Each structure stands twice: as structure tokens, then as C-alpha cells.
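J.: Residues per chain are reported as follows:
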Amino acid sequence: GAVVSQHPSWVICKSGTSVKIECRSLDFQATTMFWYRQFPKQSLMLMATSNEGSKATYEQGVEKDKFLINHASLTLSTLTVTSAHPEDSSFYICSARGQPERTDTQYFGPGTRLTVL
Amino acid sequence: QQPVQSPQAVILREGEDAVINCSSSKALYSVHWYRQKHGEAPVFLMILLKGGEQKGHEKISASFNEKKQQSSLYLTASQLSYSGTYFCGTAINTGTASKLTFGTGTRLQVTL
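If you read the sequences in order, they're chains A and B. Using this note's numbering, you'd call the opening residue of the first sequence number 1 and step up by one each time. Using this note's numbering, you'd call the opening residue of the second sequence number 1001 and step up by one each time.
Don't read these hints as lab results, they were simulated from the structure. Treat the hints with caution; some may be incorrect.
Listed next, the stretches of chain A that the computed footprint assigns to chain B, with coverage defined by at least 3 CB atoms under 8 Å from CB atoms of chain B [unchecked claim]:
no.	segment
1	43-54
2	107-116
Stretches of chain B that chain A covers, calculated by requiring three or more beta carbons in the stretch to come under 8 Å of a beta carbon on chain A [said to hold, decoys possible]:
no.	segment
3	1032-1046
4	1084-1094
5	1097-1108
Here are the simulated DSS-like cross-link-like pairs (lysine-lysine), alpha carbons at most 30 Å apart as the crow flies [stated by the list, open to error]:
no.	chain 1	residue 1	chain 2	residue 2
6	B	K1099	B	K1059
7	B	K1050	B	K1099
8	A	K41	B	K1059
9	B	K1099	B	K1067
10	B	K1026	B	K1050
11	B	K1059	B	K1037
12	A	K55	B	K1068
13	A	K64	B	K1026
14	A	K64	A	K20
15	A	K66	B	K1037
16	B	K1099	A	K64
17	B	K1050	A	K14
18	A	K14	B	K1068
19	A	K55	A	K66
20	A	K64	A	K14
21	A	K41	A	K64
22	B	K1099	A	K20
23	B	K1026	B	K1059
24	A	K55	B	K1026
25	A	K66	B	K1050
26	B	K1067	B	K1026
27	B	K1026	B	K1037
28	A	K41	B	K1099
29	B	K1059	A	K20
30	B	K1059	A	K64
31	B	K1067	A	K55
Quick caveat, the model's predicted, so the values are computed rather than measured. Virtual Cβ for every residue (Gly too), placed ideally from N, Cα, C.
Taking the hints into account, I'd like the entire structure generated from these sequences.
T.: Below is the structure:
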């Protein structure tokens, strides 16, 4: 159980274009989804937290107009990188969490590698 | 502020033991441990809660010193499959608003 998928697994795009990444919880309802960014050999940095049906909460320094997050259902969240530039190239990983519980375990998707040319 | 992990990297021979430490500057509610292999997503290993409750992998153990805001992950009789980067994720509260701050990471390589 607790499987999270991401699509696409990798994407290459030209500078200035927008890219959408999907995150799905396959066998549970995710009341909260998280979006992380990871540069090579570095740790995971939280970009934003989204709760189903409400606006995402962005971490300090993350541009909400550039990284659009939608959590329209209990099984799907999307991250859209708008007007992507080479510095946006990174590994983007989502995680999902079910109903709040004592352990608050997050389950991670396989990640999406974005390369902006 | 990001939790600090030590060591940064360690090389083991198969069958040897290792300890990975995670230290936070904030009071913690829980510590979550993950292992990530190159190019893949982190895989959940273990969670430790304030008050002593634990949930996780049967072959891996961990401890949580609430007073010192430190946690340690114990890998015994290491196997080749243990290779990867280990991250601790710390939470200062629980519930809807809870989120994880990930540590600096420890790269573990197990050799024959």
C-alpha cells in the first residue's frame, strides 16, 4: 500500500515554456501533498504544501507565480513550472500523506527530472 | 534550520555496522528516516515519535533523544542493498500543519 506515482519521470523543454508535473496517490486518499526540489548531491528542499481544495502554502523564497500548484482532488496534485529557465533544472519530487495521524508518514513519488535547455 | 547529519559519508564492508546521527536545533515531535538511491525517490524506513513510539523497518533500528533533539539510525550487518543516501526528516509538530525538514544527508556505500 501507500503508492505514489509521478508523471512524467523526465522532461526536457526549451527555455520559456511551461511544464506540468502530476503527482497521484494510487491506493489512498492524500489530504496533503508536498512538493520538493533536489539538486545533485543535495538534500530535499520543501517548496510547498498543498491541501485538497485549498491554496498551496509556499516556503519562503519560492515564487508562487512561477511554481503553480493545484490539488484538485484527494488523489491528484499538479506542479506547473511556468516560463522555465535553465536554473529551474532539477529533480522534483512529490510526497503524499493521508489523514492526519500520530505518525504523519509521507510517501514519496519516484520524482521527475526536469532539464531546461 | 536544516538538521545536521553525521558522518557525511561512510564506506562499509558487507556485514559491518554503521550509525548515522541527526541533530536538530529545534524541539522535535518526530524524526523520520529515509533512504534514497541515486536518481530515485526516498524510501521510508523508520519513524520515531516524541514519547518513545516507533514504527518502521524490522531490520533497522533507531533512537530518539528528545532532550538533545538528536536521533541515530543503526544499520547492523550491512548488506549491499543498504547503499544509498540516508536522510532524516524532522517535524516540530503533528497534524495538518506538520511538515518535514530534511537533514544534510549521509552517503553510505557498502562493498564486498
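J.: Evaluate each hint against the coordinates.
T.: Against the structure, the hints come out as follows:
no., hint, verdict
1, 43-54, "holds (count 6)"
2, 107-116, "holds (count 6)"
3, 1032-1046, "holds (count 8)"
4, 1084-1094, "holds (count 4)"
5, 1097-1108, "holds (count 8)"
6, B:K1099 - B:K1059, "holds (26 Å)"
7, B:K1050 - B:K1099, "holds (15 Å)"
8, A:K41 - B:K1059, "holds (26 Å)"
9, B:K1099 - B:K1067, "holds (21 Å)"
10, B:K1026 - B:K1050, "holds (13 Å)"
11, B:K1059 - B:K1037, "holds (18 Å)"
12, A:K55 - B:K1068, "violated (36 Å)"
13, A:K64 - B:K1026, "holds (27 Å)"
14, A:K64 - A:K20, "holds (14 Å)"
15, A:K66 - B:K1037, "holds (29 Å)"
16, B:K1099 - A:K64, "holds (18 Å)"
17, B:K1050 - A:K14, "violated (47 Å)"
18, A:K14 - B:K1068, "violated (48 Å)"
19, A:K55 - A:K66, "holds (15 Å)"
20, A:K64 - A:K14, "holds (21 Å)"
21, A:K41 - A:K64, "holds (25 Å)"
22, B:K1099 - A:K20, "holds (23 Å)"
23, B:K1026 - B:K1059, "holds (29 Å)"
24, A:K55 - B:K1026, "holds (27 Å)"
25, A:K66 - B:K1050, "violated (37 Å)"
26, B:K1067 - B:K1026, "holds (10 Å)"
27, B:K1026 - B:K1037, "holds (28 Å)"
28, A:K41 - B:K1099, "holds (22 Å)"
29, B:K1059 - A:K20, "violated (38 Å)"
30, B:K1059 - A:K64, "violated (41 Å)"
31, B:K1067 - A:K55, "violated (36 Å)"
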